[in-house]
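Spelled out from the first residue to the last, the chains are:
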Amino acid sequence: MDFVVPTEFFFVLSLVLFVLGALGVLLRKNAILVFMSVELMLNSANLALVAFARQWNSLNGHIFVFFVMTVAAAEVAVGLALIVAIFKSKRSINIDDLHQMEG
Amino acid sequence: MFESPTLQTLTDYNIWIALPAIALAFGTMFLLVIDVFLPANRKHWTPILALVGIGISFLINLFTYNPEQTSTFGGMFVADAFTGFLNIVVLITAFISVLLSTDYLRRTETNHGEYYILLLLSATGAMFMVGANDLIVIFIGLELLSIPLYILSAFRVTYTDDRDATFVLKSEESGMKYFILGAFSSAFLVYGSALLFGATGTTNLREIFAAVGPILESSAENSGALLLLIGAALSLVGLGFKIAAVPFHMWTPDVYEGAPTPITAYMSVAAKVGGFAALFRLMIVGLSGLTLDAGVDPAAWQGTIQVIAAVTLILGNFVALSQTNIKRMLAYSSIAHAGYILMAVAAVGSAGLVPDIANTAAQAGLVYLLAYAFTNLGAFAVVLALENNDGTGTELSDFNGLYNSRPMLALAMALFMFSLTGIPLTAGFMGKWLVFSAAVQAGLIPLTIIGVLTSVISAFYYVRVIVNMFLLTEDEGSPAVGETAPVRYAVYASMAGVLIVGIAVPLVTNLVNMVSLV
Amino acid sequence: MTLQAFAPIGVLIIIALIIGVIILMISRVFGPHNPSFRKNAPYESGMKPIGPGTRRMPVKFYLVAVLFIIFDVEVIFFMPWAVAMRDLGVYGLIVMGVFTLILVVGFIYEWKKGALEWE
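Residue numbers (this note's numbering), protein chains in the order written: chain E, 11 to 113; chain V, -7 to 510; chain S, 3 to 121.
Just so you know, these hints were derived from the structure itself, not from any lab. Glycine included, each C-beta is placed from N, C-alpha and C at the ideal position. Keep in mind that the hints are not guaranteed to be accurate.
[To be verified] Simulated DEER-style distance windows between Cβ atoms: (1) Val29/E x Gly99/S: 35 to 45 Å; (2) Val94/E x Val25/V: 25 to 35 Å; (3) Leu51/V x Arg57/S: 53 to 63 Å; (4) Lys98/E x Pro10/S: 29 to 39 Å.
Isolated chain E (complex conformation) (with noise of 0.2 Å):
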């Protein structure tokens, strides 16, 4: 018997982790777990990219991988300084204290 793993397995996966980040970001307080879960989104559709490409055995599939991967970087970046910046005058990194502008 040969069993091949079929890509609706690793859709299904990818689909929980999605959502599971979507969670996050909707649900946590703290930046840097916001943040982990947007992480946690851009590689949920890695992993889905990965399979898809697989399954039609394309390379683009495998291209958008390593450019979602600089680009997630470069958020990490840019991220970590603003939540550097925010905790150097504010002493906290909740997000639910930035309230500085209401309406």
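Add chains V and S to chain E, keeping to what the hints say.
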């Protein structure tokens, strides 16, 4: 089979058609190196060189403006009238924003050369998005457009005297909110792209279009149609955040209020241009065949866009009525204007089967973007002129009696407000006229009625600014500390743009008539 | 890839779980269990801890981390090129030259700004 590329491949690549964007990218990197090596007393050269870079890219764009569609990077990037026209909008926006920035940065003590480099990088990203014909390029362009804007929104943090000053905290908060929601939305876009790739096996928009038909026909035995629909929906969410369409608009007022005013001006235009360019390309070039009943129905996403447009128009205009801060008011107004441009997108979608009407609608959307660019930049230029160094002076009451102290600024602001309302002889009227008539042609009568009614409502809050400036004559008016020579040039340039687009209509329509997406 | 290829991993996971559970059970069942205040202290027969265990780090470490991330991901673009270098020939060399140029610009900026100094 794989063929080894040779030097010949490089010359066959047609890279020159992407030259405006490439030139700006390399110019920016060059400027980065120059700026680092400039001695402290010569730093004022950075904005001048930035303007030169934008000018060079603009000239290259004019010389390579070719309505025939050509593609490069293996079909990932296309140059046609659409690309050329929106490149012009992006470059004008960047130019005026740099003009607005120079004195603002100096008087708010945030004068760092990186500011201009980030601004130009963001413009480069917008230019790549405008020509993108591939999901990968749309994503990279979007990120190159957004990531510098996250930093620029928080740029007043670099003010060193008093880290607890309100404007510093606001700017930080603005950057953080924009960053979190921007990253969140791009994750949606990536996942949507992944699903589209999974359904069609390609990331090229034209190949996606070719693959959609067969998938829909055989959808009984595979889940391709479902993947396509969910992928389109998630991509729409991702791009909806960037163009600030309701219900993905929550970040807009806070980010616009907290960011440095020249950046607010820039991102209110450039982010929308990039987002709408990607939306037009993705939905029309890639997914216009995505119908529930091929050949009869409009595209499946079209109903959703209609609803989003209607909600955006209503919410944007009504909430703007109750704002007292001019930056927040303009933020809600920019949300409302996204609604008008979404009307054009919806019109293209429902007319997908009739190429003529669809192209008219796409052209209307482009003219609207140009009109919106000039008008919004001008309005923010006047706001910036009135803003004090500590970020105050942006309340509506600060406009009281402006005609007494600065008649020229008051007249300019009146023109921009008329244009935003859509009074004839201004750019805004042209944009609205074309969009409404395209929507009527495409049969979107209810949406058009909502558009006209909300335009009438928008007059209340735009005219209130004019009343404050001209009729409250007992106030002596704002001293307008920010009104320096470059800011004045920016105001004049925007006024000229508003009047030219509004009066010399054939000039713009001739340029835009070459656009055909379908 | 077939599912059979994953079978050894599955077996390994099951064995690891079983061993872990068995060890915990054994010590629970056979070991003596009478806790006291002193035994539960963080350091039995040591000093009393002063202050929290985690301290704030200097922000310089973040700078190094950020710079590392950015110059780290370049490898994912170099790697595929290095694998296919002979097939890509001069064309690949030129394209990677442009890529490297962009990196070098970033590096020059970083160096001139003093981000690499540690004082």
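Hints versus structure:
Look at Val29/E against Gly99/S: about 43 Å separates their beta carbons, and that is inside 35 to 45 Å. At about 26 Å, the beta-carbon gap between Val94/E and Val25/V stays in the expected band of 25 to 35 Å. In this structure the hint that Leu51/V and Arg57/S lie 53 to 63 Å apart at CB holds, the actual value being about 56 Å. As the Cβ distance of Lys98/E to Pro10/S is approximately 50 Å, the hint placing it in 29 to 39 Å is violated.
Violated hints amount to a single one, hint 4; each of the other numbered hints is respected by the structure.
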